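Single-letter residue listing:
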Amino acid sequence: MDNVVRILFNSLQTGAVYALAALGIVLIFRAGKVTNFAQGMIGTFNAYVAAVFFRWLGWSIWAAVPIALVTAFITGVVIDKIFIRPAQNSKPMHKQIITLGIIMILTGIIPFIFGVDPIRLGRFFPTGGVDILGTTLRFNTMFTVALSVALMGAIFWFIQYTRWGLAIRVTASNKVTSQLMGVPTNTVTMMAWATAAMLGALAGIIIAPQSSVNPTFMLDVQVSAFFAAVFGGLQTFFGPVFAAFIIALARNSAMFYLSDIWGNAIVYILILLFLYFKPYGLFGEAPVEKV
Amino acid sequence: MSKNTVLKIDDVVMRFGGLTAVDHLNLEIKEGEIVGLIGPNGAGKTTVFNCITQFYDSYEGSITFNNEDGETIDLKSKKVTEIIDLGLVRTFQNIELIPDLSIIDNVMIGAHNQFKTGLVQHLLSTPKVRKEEKRIYDKALDVLAFMNMSDLKDQMVHGQPYGILKKVEVARTLMSDPRLIILDEPAAGLNDSETDELETLIYKIRDEYNASILLIEHDMGFVMNICDRIAAINFGKNIATDTPAKIQAHPNVQEAYLGKGDDE
Amino acid sequence: MTEKTNSTITKNTIITFFKERPWAQYILFGVLLSSIAFLPQIGVMRNSTMSIFALIIIYTIAAFGLNLLLGFSALISLATAGFIGGGALGIGIFLNMGLPFEVAVLLVILSGIVIGAFIGILSLKSQGIYLAITTLFVQEILRQIYTSVGIFGGERIDIGTITILGGIELNRFNFAHRSIIFLILIAVMVIIMIIFRNLIKSRSGRAFMAMSRSKSAAAAMGVNIMKYRVYAFIIATVFAMLAGVLYAMYYQSAPTRAWTLDLSLLLLAMVVAGGFKSVFGMFLGAFVVYGIPTLFLEDIFGDVSEIFAGLLIILVVLFYPQGLIHSGPDIKKGFKKIVGLFRKKEVTQDE
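Protein chains in written order, with my numbering: chain P, 1 to 291; chain A, 1 to 264; chain F, 1 to 351.
So here's chain P without its partners, still in its complex pose:
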């Protein structure tokens, strides 16, 4: 019984991390019309920033994180303006290749700026927790999950109920028409990139304490986030978030009950099978093709 509860608690945090990253992917996909393969890498880069302030400069995690979020914001804006904007009219595949190029650039730059050693990042609440049903639910977990959910909730609210949110939804459904209607789509896209970068950075910051900040520590998050995005369906914002928690739960369960090496692979295979039959995800619908 306490195993089940423990898996549940772990999945909340892992799910939150996947969800943050997945939301970033879907934001850029819908509002920026690009499949951003670099989501994980951008998060990694900014997690490094937090780690550097925390470990090298000795700042408190509460101070280091906002700095990282600011640099994430800047990273998103810079990438959009310098690399994505010029390619606005390129074919989708070309835009995808550009994001792959960004991965390479970031991967290459990291050793030069941050060195080659992994850097440890601390938790928000290093110790302490509450005993529930035989397992400890850490304060840190509660905080990170609450923070993530609150953040995503705020974003959903923003998208649904504000003018800028409307701009995002409109740009997501038809960019050209939006432009004709006077919607500042370029700003919308830039906001999407900046927000996605921040979400990715936060995801990295939350999960880094479990291992360390190193060039590949977000690979699992990256892959899972993409799976969450397509599993949940790229046509809604909440679908991928929902799917992220499901994937986290499935993954942790599979890794515990079936095999800790192949647990995640099993989950991914199941999702791929699901996608074979429902290619547009849980909540997506096939667009009707007009010839």
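Read the hints as simulated data drawn from the structure, not as lab findings. Note that the coordinates shown come from a computational prediction; the quantities given were computed from them, not determined experimentally. For each residue, glycine too, the CB sits at the ideal point set by N, CA and C. Errors might be hidden in some of the hints.
[As the list claims (entries may be wrong)] Which residues of chain F face chain A? A few of them, derived with a C-beta cut under 8 Å, are:
no.	residue
1	195
2	204
3	207
4	210
5	213
6	214
7	216
8	217
9	220
10	223
11	231
[To be verified] Quick list of simulated restraints, FRET-style, between CB atoms:
no.	chain 1	residue 1	chain 2	residue 2	range
12	P	278	A	102	38 to 44 Å
13	A	118	F	7	44 to 50 Å
14	A	208	F	31	49 to 55 Å
15	P	186	F	297	33 to 39 Å
Here the structure of chain P is known, so what remains is to put chains A and F in place on it, guided by the hints.
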């Protein structure tokens, strides 16, 4: 089905969710005929084409095709990729060509199923492959000569003027020695002299290839000139099917959309 | 006067001969490249440099497969590195089982066909992002398999001396043997070049392009999209595995940790930079993306290969979407400008 019917659309209904795009449509096309399908935007014309060519195969009713050997084939039993083998071929409203291939390469794609050689043979470029490639290449040369486009054969499709692109699409259809050619708005975007050229071309195709032609068009002058019969539809339903003169005078047709008559 | 005309005629005949026969160009290229096989022996080139060229050739071969997917069929695959690894480790396993070399190669190719077909079929319902993720997953799964499953030996599989054609022994520690292996690499690359060109100029090549540029038209013209997608993946997988086999041949060992997503991305960069659908472009891409940083930049800046590759492919996509192979005219123009600047200097100096 009478002896020289080529295509018969029999009580076809096509629904998309709550929308009935084609509503009990009937139409017969005979050998050597040029038939026009007209109707306001959204009347269901392209949907009819897509049903005929089996892009949509969930329609009710039947669409049957009489091939060269006189067999009557229910098109629903065929996959999209098998339609061209029957001698039924189409062009597209939005040009669907390959921009980074030459014009003659694009035309040769129209003969895709006439090749007997397979992937491995292509990798090795066997003598058989080279013979076949030459045969189809020569055929494409003939088609391009027929369309007076021989000097353009090696130019890339990308960047060609719209009128040329439309002609390349038509050339592509001729590669399959078609029995019925379906033209989706062939005159769209063409100026007056290009439209006249198109008229001449279509007659030429009908005569040389013994093909029937079904076309969708909005250019009323063009349609009235060239068609033997016209089927007017609206909201997916038949309004009237008759000779151009009778259609022009038909009150329901006028009411639906002719308005001020020709738009020349 | 007559002598000049004679030599011009001969020159023109030779040029036309090569122009009309691409396969001759590839063979000529291979012959020229073969000189590298002997340069270390006469002391003009370091052994490590020859290894870099060997890797360039190996990557070129894998790039051809990826080119078929990317350039012709518009299908992104991030799993190329995993398949190269599969070829290298696969042949390692088969050889260590005692199988004759040729049989081992055949087995690797067969498994490439099966795996490629499997992925092709899986991919049928996916487009764009879904496909990319599927290949990402395959890449990561393969990497996990190679590093976790015992049969792959943990760090690497050692192969040792290879015996080909029943009796010829090749040991990479023997310099002459190493040259022979290098020549074999070149020979395979030239064959792949010829095969690739045959393919793209054939009905199948046109079908690949039709399928990716306009599915509706392709279907209406009778192209069986499913069939050709599967073909594309089969060929791409087999080429990648073949590249892996050659890797194992040259280094006579197959590592488990080298087949990463980063390598897949590097290969993608080679295809993009070199030029979709271009034969020489693949070598150019491999040379520019891997060769230039490793040969020239590493000594000055350290390992900048990734930054360089990343910037390069972004620039290529923005300014030369057809690939650097088509930058010829611009390079000529730039050249002429520079030459022109020098000429101007000369003139003003004379005055």
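Okay, the hints, checked on the actual structure:
Satisfaction of the interface hint for residue 195/F is found here, the shortest Cβ-Cβ separation to chain A being roughly 5 Å, below the 8 Å cut-off. Interface hint status for residue 204/F: upheld, as the beta-carbon distance to the closest one in chain A is roughly 5 Å, under 8 Å. For residue 207/F, the interface hint holds, since its Cβ comes within 8 Å of a Cβ in chain A; the closest pair sits about 6 Å apart. Annotation: residue 210/F was flagged as interfacial toward chain A, and the flag holds, the nearest CB pair being 5 Å apart, inside 8 Å.
Taken as an interface hint, residue 213/F checks out: its beta carbon lies about 5 Å from the nearest beta carbon of chain A, inside 8 Å. Taking 8 Å as the C-beta contact cut-off toward chain A, the hint placing residue 214/F at the interface holds, the least distance being around 4 Å. With 8 Å as the threshold, the beta carbon of residue 216/F comes within range of chain A, its nearest partner Cβ sitting at about 6 Å, so the hint holds. The restraint placing residue 217/F at the interface with chain A holds, with a minimum CB-CB distance near 4 Å, inside the 8 Å limit.
Given the 8 Å rule on beta carbons, the hint for residue 220/F holds: about 6 Å separates it from the nearest Cβ of chain A. Hint on residue 223/F holds. Least Cβ distance to chain A is approximately 6 Å, under the 8 Å limit. Checking residue 231/F against chain A by beta carbon gives a least distance of about 5 Å; that is within 8 Å, so the hint holds. At about 40 Å, the CB distance of residue 278/P to residue 102/A agrees with the hint of 38 to 44 Å.
For the pair residue 118/A and residue 7/F, the beta carbons lie near 46 Å from each other, so the given range of 44 to 50 Å is met. Taking 49 to 55 Å as the suggested C-beta distance range, the pair residue 208/A and residue 31/F conforms, at roughly 51 Å. Range check, residue 186/P to residue 297/F: Cβ separation about 35 Å, and the 33 to 39 Å hint holds.
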